[in-house]
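Visitor: Work out the full structure, taking the sequences as your base and the hints as a guide.
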Amino acid sequence: VGLSHKQKNMPDELSGGEQQRVSIARAIVNEPKLILADEPTGNLDPETSIEILEILKKINSRGTSVILATHNYELVRKFNARIVKLENGKAYKVVIRQSQNNK
4 VGLSHKQKNM
14 PDELSGGEQQ
24 RVSIARAIVN
34 EPKLILADEP
44 TGNLDPETSI
54 EILEILKKIN
64 SRGTSVILAT
74 HNYELVRKFN
84 ARIVKLENGK
94 AYKVVIRQSQ
104 NNK
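Okay, so the sequence shown: first residue is 4 according to our numbering, each after it adds one.
Treat each hint with caution, since some may be false.
Okay, derived cross-link-like pairs now, SDA-like style, lysine to any residue, Cα gap no bigger than 25 Å in a straight line [to be verified]: (1) Lys9 with Ile27; (2) Lys36 with Val79; (3) Lys96 with Thr51; (4) Lys96 with Ala84; (5) Lys36 with Ile58; (6) Lys60 with Glu50; (7) Lys88 with Ile70; (8) Lys93 with Ile38; (9) Lys60 with Val25; (10) Lys93 with Asn83; (11) Lys36 with Thr51; (12) Lys36 with Ile62; (13) Lys93 with Leu78; (14) Lys60 with Ile31; (15) Lys81 with Thr51; (16) Lys81 with Glu42; (17) Lys36 with Arg80; (18) Lys36 with Asn91; (19) Lys36 with Met13; (20) Lys93 with Gly45; (21) Lys60 with Asn46; (22) Lys61 with Glu77; (23) Lys36 with Ser18; (24) Lys61 with Ala30; (25) Lys60 with Val87; (26) Lys60 with Ile70.
Since the hints were derived computationally from the structure, they do not count as laboratory data.
Guide: Following this line, the structure appears as structure tokens:
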């Protein structure tokens with residue numbers, strides 16, 4: 004997640020975005036079968052957000068299921084994804100979308 008240069012820092016010495024990236028690294032290090040990611044890019048800049056989604060995409064391609072919750076639809080639509088839209092607590096639309104990058 005691009006933080007090897009901060010490996011000796013304590014959590015209080017990291018920014019909120021860096022702490023979030025450490026949390027993501029801890030979640031994926033043991034190659035789980037399922038990742039539930041609630042706003043994994045919420046505190047990150049746009050470039051780092053894309054890097055994190057690329058990591059999650061790579062993990063998914065290796066067989067790990069990734070469920071990602073986000074309000075950032077523009078970010079998600081850059082990737083091939085099955086999108087389940089929720090409104091008022093109910094799933095009302097499923098869209099399978101080809102990445103805009105692949106068009």
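Visitor: Does Lys60 pair with Glu50 here, judged by a C-alpha cut-off of 25 Å?
Guide: holds, 15 Å
Visitor: If you draw a straight line from the CA of Lys36 to the CA of Val79, is it 25 Å or shorter?
Guide: Given that 25 Å is the threshold and the Cα spacing comes to 21 Å, the pair holds.
Visitor: Compare the distance between the alpha carbons of Lys81 and Glu42 with 25 Å, and conclude whether the hinted pair is satisfied.
Guide: holds, 16 Å
Visitor: Taking 25 Å as the top limit, are the C-alpha atoms of Lys36 and Ser18 close enough?
Guide: Violated, because 29 Å separates the two Cα atoms, which is more than 25 Å.
Visitor: For a C-alpha distance cap of 25 Å, please report whether Lys93 and Ile38 respect it.
Guide: holds, 21 Å
Visitor: Starting from Lys96, check that the Cα of Ala84 is at most 25 Å away, please.
Guide: Holds - the C-alpha atoms of Ala84 and Lys96 are around 13 Å apart, at most 25 Å.
Visitor: Hint check: Lys88 vs Ile70, CA-CA at most 25 Å. Holds or violated?
Guide: holds, 12 Å
Visitor: Does the alpha-carbon distance linking Lys36 and Met13 stay inside the 25 Å limit?
Guide: The hint is violated at about 29 Å.
Visitor: For a C-alpha distance cap of 25 Å, please report whether Lys60 and Ile70 respect it.
Guide: holds, 11 Å
Visitor: Given the hint that Lys60 pairs with Val87, does the C-alpha gap stay at or below 25 Å?
Guide: Given that 25 Å is the threshold and the Cα spacing comes to 17 Å, the pair holds.
Visitor: Given the hinted pair Lys81 and Thr51, is their alpha-carbon gap at most 25 Å?
Guide: holds, 14 Å
Visitor: Need the status of pair Lys9, Ile27: alpha-carbon distance at most 25 Å?
Guide: This hinted pair holds, its Cα atoms lying about 15 Å apart.
In summary, the structure is inconsistent with hints 3, 18, 19 and 23 from the numbered list given earlier, while agreeing with the others.
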